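Enquirer: Here are the chains, one letter per residue:
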Amino acid sequence: EDQVTQSPEALRLQEGESSSLNCSYTVSGLRGLFWYRQDPGKGPEFLFTLYSAGEEKEKERLKATLTKKESFLHITAPKPEDSATYLCAVQAGDSNYQLIWGAGTKLIIKP
Amino acid sequence: EPEVTQTPSHQVTQMGQEVILRCVPISNHLYFYWYRQILGQKVEFLVSFYNNEISEKSEIFDDQFSVERPDGSNFTLKIRSTKLEDSAMYFCASSDSPGAGQFFGPGTRLTVL
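For the record, the sequence lines run as chains A and B.
Take the first sequence: its letter number 15 is residue 15 in our numbering, and every next letter is one higher.
Take the second sequence: its letter number 98 is residue 98 in our numbering, and every next letter is one higher.
Bear in mind the hints are in silico, worked out from the structure with no lab data behind them.
On a predicted model such as this, the values are computed, not experimentally measured, just so you know.
There could be a bad hint or two in this list.
As the list claims (entries may be wrong) - Each computed DSS-like pair below joins lysine-lysine, with the alpha-carbon atoms no more than 27 Å apart:
no., chain 1, residue 1, chain 2, residue 2
1, A, LYS110, B, LYS42
2, A, LYS57, A, LYS110
3, B, LYS83, B, LYS42
4, A, LYS42, A, LYS110
5, B, LYS42, A, LYS69
6, B, LYS78, B, LYS57
7, A, LYS106, B, LYS42
8, B, LYS78, A, LYS42
9, B, LYS42, A, LYS57
10, A, LYS42, A, LYS106
11, B, LYS42, A, LYS79
12, A, LYS42, A, LYS68
13, A, LYS110, A, LYS79
14, A, LYS42, A, LYS59
15, B, LYS42, A, LYS68
16, A, LYS42, B, LYS83
17, A, LYS110, A, LYS69
18, B, LYS42, A, LYS63
19, A, LYS42, A, LYS57
20, B, LYS57, A, LYS42
21, A, LYS59, B, LYS42
22, A, LYS42, A, LYS63
23, B, LYS42, A, LYS42
24, A, LYS79, A, LYS63
Stated by the list, open to error - Partial selection, computed: residues in chain A whose CB lies under 7 Å from chain B:
no., residue
25, GLY16
26, ARG31
27, GLY32
28, LYS42
29, PRO44
30, PHE46
31, THR49
32, ASN96
33, TYR97
34, GLN98
35, TRP101
36, ALA103
Unchecked claim - Take a look, some chain A residues computed to stay more than 10 Å from chain B by CB distance:
no., residue
37, SER7
38, THR26
39, GLU45
All residues carry an ideal CB built from backbone N, CA and C; glycine is no exception.
For reference, chain A alone in the conformation it holds in the complex (with noise of 0.2 Å):
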């Protein structure tokens, strides 16, 4: 069965303070691994598409990595806008549409 786990459940950084997120994922052959970012009450917002190992993608002070087993989201000198649940979501070979979740870390960045 395709799974997607998020590690930790939450995190709480200091201002400033780096740190990294973990999507592990065990799929019947991974099409695309996809973050995302989700403020409470809000749809989530898009973050990065990954599609192969090796492969990263970075956007301000996010860098999003991808293994063959896991993906990472990198956090450096997070600010308290930062704040907010992180999830990470697969696209599985037999399938071009759906996406399975994890259930996301919840950071927290605090001042």
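Using the hints, position chain B against chain A.
Expert: Using the frame of chain A, we list chain B on its own:
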């Protein structure tokens, strides 16, 4: 910046009633999706839609659910006879290709009493 819009933002209904949730996808996108998120749980795929037909659906998307693109801009999700367990946040999304990032709307919070 183009965005997906959804109406209403909150819908309260009685068990057994029909509801229609509405979405306007990004204008040049051709692939449309519905997802739901029960409070405190993971986002779950319901259905994808392309070229005026369902391209994929999950086990959740049973005969009580239907989707329609009634005109060139709207995309709707209908629940024929709502159940208490249908209470959730429903998100519409769209993309310009099957493997590309899907852009989500703000959601409709459905409360079934």
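Enquirer: Which constraints among the numbered hints does this structure fail? Numbers only, ascending.
Expert: Hint check: 12, 17, 25, 39 fail, others pass.
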